[in-house]
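Trainee: One-letter residues, chain by chain:
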Amino acid sequence: MRAFATLLERLAFTPARNAKLRLLRHYLEATPDPDRGFALAALTGDLKLRTVTPGLLRGLMVERVDGQLFALSYDFVGDLAETIALLWNSDRDQDVPLHQAVALLSETGKAGLPAAIAAMLDRLGPSQRLAFLKLATGNMRVGLSARMARMALAEMGAPDVAAIEEIWHGLTPPYEPLFHWIAGGTRPEHAAKAPFRPVMLSTPVDLDQLRAFDPADYVAEWKWDGIRVQAINDAGTRRLYSRTGEDISDSFPDLIEALNFDGALDGELLVRRGDDVAVFGDLQKRLGRKQVGRGMLDSHPAGMRVYDAMIWQGRDLRDLPLAERRAVLEGADFGSDRIDLSPLLDFATWDDLAALRADPPAPVIEGVMIKRRDSAYVGGRPRGPWFKWKRDPHVVDAVLLYAQRGHGKRSGFYSDFTFGLWDGNQLVPVGKAYFGFTDEELRELDRFVRNNTVERFGPVRSVAPKLVLEVAFEGLNASGRHKSGVAMRFPRISRIRWDKPVSEADHLSTLKAMIA
Amino acid sequence: MRADQILHPTPAGLYCPPGDFHIDPIRPVSRALITHGHGDHARSGHGAVMATRQTLDIMAIRYGEDFAGKIQAADGPVRIGDTTVSFHPAGHILGSAQIAVQPDAGPKIVVSGDYCRHPNPVSAPYEPVPCDIFVTEATFGLPVFKHPDPAQEMARLLASMAEFPERPHLIGAYALGKAQRLIMLARAAGLDGPIAIHGALQRLCDYHVAQGIDLGPLVPATADKVDAQLVIAPPSAFASAWVQRFRDPVIGFASGWMAVRARARQRGVELPLVISDHVDWPQVTQTITELAPQEVWITHGAEDGLLRWCEIQGIPARPLRLVGYEDEPE
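Chains A and B supply the protein sequences, listed in that same order. At position 477 of the first sequence (counting the first as 1) the number is 477 in full-length UniProt numbering, and the numbers step up by one without a gap. At position 325 of the second sequence (counting the first as 1) the number is 325 in full-length UniProt numbering, and the numbers step up by one without a gap.
Note that these hints are calculated values from the structure, not bench results. Any given hint could be a false lead.
What the hints assert, rightly or not - Part of the chain A face toward chain B, derived, beta carbon under 8 Å:
| no. | residue |
| --- | --- |
| 1 | Thr-14 |
| 2 | His-26 |
| 3 | Leu-28 |
| 4 | Ala-30 |
| 5 | Gln-68 |
| 6 | Leu-69 |
| 7 | Asp-79 |
| 8 | Leu-86 |
| 9 | Ser-90 |
| 10 | Arg-372 |
| 11 | Asp-374 |
| 12 | Ala-376 |
| 13 | Tyr-402 |
| 14 | Gly-412 |
| 15 | Pro-459 |
To be verified - Now the stretches of chain A that chain B is said to cover, found in silico as 3 or more residues with beta-carbon under 8 Å:
| no. | stretch |
| --- | --- |
| 16 | 17-25 |
| 17 | 447-458 |
No residue lacks a Cβ here, since even glycine has one placed at the ideal position from N, Cα and C.
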């Protein structure tokens, strides 16, 4: 578990995605089975262990450390597992195999758990103790998604990410057949029903680029602003996957119940109230919940708008042209009024389509999708068959208030910017942006921050409110967590307005009026 | 004479009336005894300064030759007023000392300054000095601080350099003491190629070499192209544009505080290295147990934790709540 502990620590402090991938790949290459599989499952959240409560852990400390010293320590460290890992009094540091720790946490009965945990802590050094306690409390927080874990696996051998995603949900920890396959062995059979299939993605386009193509070769439909999903009913096994292959079935029991068909459909997950499709902010309230209450199911009912079919009634349609897949969908019965087909748009020229895009019938529409009639369904992001032509972003003119130093390639540069808008005669922070500018502009912004610093707080500086930034964003949600009451989606700096006086920056009320 | 008539806190720092001197004063005074060369303990502008030869040299490097009206190197017991004063190694940095004050009448007091009991190639080892009153720091005065073997931390740095060979590793370390210790740890771990140092470290590194501490090949990290994967710089350099010359660096920091994740995150560090020149919890409690003083006075740091420990042990202890000393000097 020593290597696992080191990995967790490095991942927790490493911000860059590529560096994280490398750390994980090196770990997986150097660690034997079954430990590497258990580590992978722990990181992706697929390891089901007995959950150890904070109360149990505190109980262990009461017997061992003076209460006042414990309280002072916890207050300083700020994290219970970390405090205990540091305080535990043992000079031993055995390299205990991870599978032993996993076995302890999955097989020990409730009554024996405290003593078993204490005995394990006695064998470990501080960094392994922390890893073990994080495992026990089910709280890794190292900023590694399951998608990234699969990318690291794909870097280890021949199978690519799409191939790994396709079988991922049929596998269970410690994934020995998967590692065997990656090392050049045979591909594991689909062990589970309703596997995830790699999703076909589009590339951005604009009107000038579209003019090179014949509109007659394409169909178009609205781009719905929800979450792209894959909904499957495979002989009674129902699953809902995100486009990166995360199984999100548990968060949407209402939609799962409505999957009364036989097939695998590609579409958009949306909150729907009758014929109305709600804005993204409503859907967001349903995301990331492991348990959904009755009230939420009633007030924010989930539905799906279907774009495409991968499998329908036992037949794999992916090699057929889009027009034929669409014909199958037109005649299909989805078995529930929560699910319907995304309608096609009527257009003869690109200018027709531009006019439709400019005036969509609902705020939940974020542009148009343009797809070649003869396109097969290909996982990944092939260039050409499918385009997204998003609506123009919203923009506001905001004032730079704080800047924070970046990491990795941006080390030493102030590259994360907090900006604000006027609220009366005060500037209130409304968001943070860290991209949208060129390298040259980054150097200019960095210079501005250094020359206009008012105060320093560690890696953060407050700057004199002198510079207006044009901030582009995709949408707005009401937010109780932000002081301003709004949260922007995908904010980025679209222009630096060196020319514009701060007094002419926008007001918070302008922004609030944009909330759909 | 009562203990607090021999030594007590004043706004300028710890003052000894029978000897008419201050120890590590934070304001200019007529007579100062100085434990070590870190900026918060050793300041310029005093009338007369007594310190170890090395501390005096370090002060001259930092503040110029005229940093005090008069200087005197500590060498064996010295009479000052109605006291006898002696300096003893503290194991903290080059030249660091504890100051023992023996009044003609009254208890013997040892002011330990900052001290450390881990082996440290850049400092003479800490020497236990029996005393009636032990004055200790409590920088890491909580039981969560058990500093790991520094060689193990250096191994983590070298592992990262091997894992990311294309990325320069920039490690923040205080210019006096920590930087040189880090270099010596790297040498002991087998890194014998050039190590780059920020310009602010140059003269202090030169002084260590002159004192017989072989730091190996060092190159300046000031040029546009720095020819070393390991670069050591003072923490202040990381906020300056100096960092921008390095492509995709791994930023590390060597400090006892790095043992706590929240502290490492606050610094925006990618590679926290737990390397400290201060006593950790086991060392400070072991030292007090060994010396068995009648009373413990705590100068600065996390005194609440250490006070509680003394209370449990039945050792009379009190905080001096001295201001002006940093957690770890910049």
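Trainee: Work down the list of hints and note, for each, if the structure agrees.
Mentor: Hint check:
Given hint, Thr-14(A) at the interface with chain B, holds; its Cβ is 6 Å from that chain's nearest Cβ, closer than 8 Å. Nearest Cβ of chain B to the Cβ of His-26(A): about 6 Å, under the 8 Å cut. The hint holds. With a least beta-carbon distance of about 13 Å to chain B, the hint placing Leu-28(A) at the interface is violated under the 8 Å criterion. Given the 8 Å rule on beta carbons, the hint for Ala-30(A) is violated: about 11 Å separates it from the nearest Cβ of chain B.
Restraint check, Gln-68(A) versus chain B: the minimum CB separation of about 5 Å is within 8 Å; hint holds. Taking 8 Å as the C-beta cut-off, the interface hint given for Leu-69(A) holds, the closest approach to chain B being about 6 Å. The interface hint given for Asp-79(A) holds, since its Cβ lies 7 Å from the closest Cβ of chain B, which is under the 8 Å cut-off. With a least beta-carbon distance of about 4 Å to chain B, the hint placing Leu-86(A) at the interface is held under the 8 Å criterion.
With a least beta-carbon distance of about 10 Å to chain B, the hint placing Ser-90(A) at the interface is violated under the 8 Å criterion. For Arg-372(A), the interface hint is violated, since its Cβ never comes within 8 Å of a Cβ in chain B; the closest pair sits about 39 Å apart. Here the hint on Asp-374(A) is broken, as its CB sits about 43 Å from the closest CB of chain B, past 8 Å. Violation of the interface hint for Ala-376(A) is found here, the shortest Cβ-Cβ separation to chain B being roughly 39 Å, above the 8 Å cut-off.
The beta carbon of Tyr-402(A) is not positioned within 8 Å of any beta carbon in chain B (closest approach about 14 Å), and the interface hint is therefore violated. At a threshold of 8 Å, the smallest CB-CB gap from Gly-412(A) to chain B is about 3 Å, leaving the interface hint in force. Taken as an interface hint, Pro-459(A) checks out: its beta carbon lies about 4 Å from the nearest beta carbon of chain B, inside 8 Å. Against chain B, the stretch 17-25 of chain A contributes 3 residues with a C-beta closer than 8 Å to a partner C-beta. That satisfies the three-residue criterion, and the hint holds.
Proximity of the stretch 447-458 of chain A to chain B, defined as three or more residues with a beta carbon under 8 Å from a beta carbon of that chain, is established by the 3 residues found.
Of the numbered hints given earlier, the model fails hints 3, 4, 9, 10, 11, 12, 13; all others are met.
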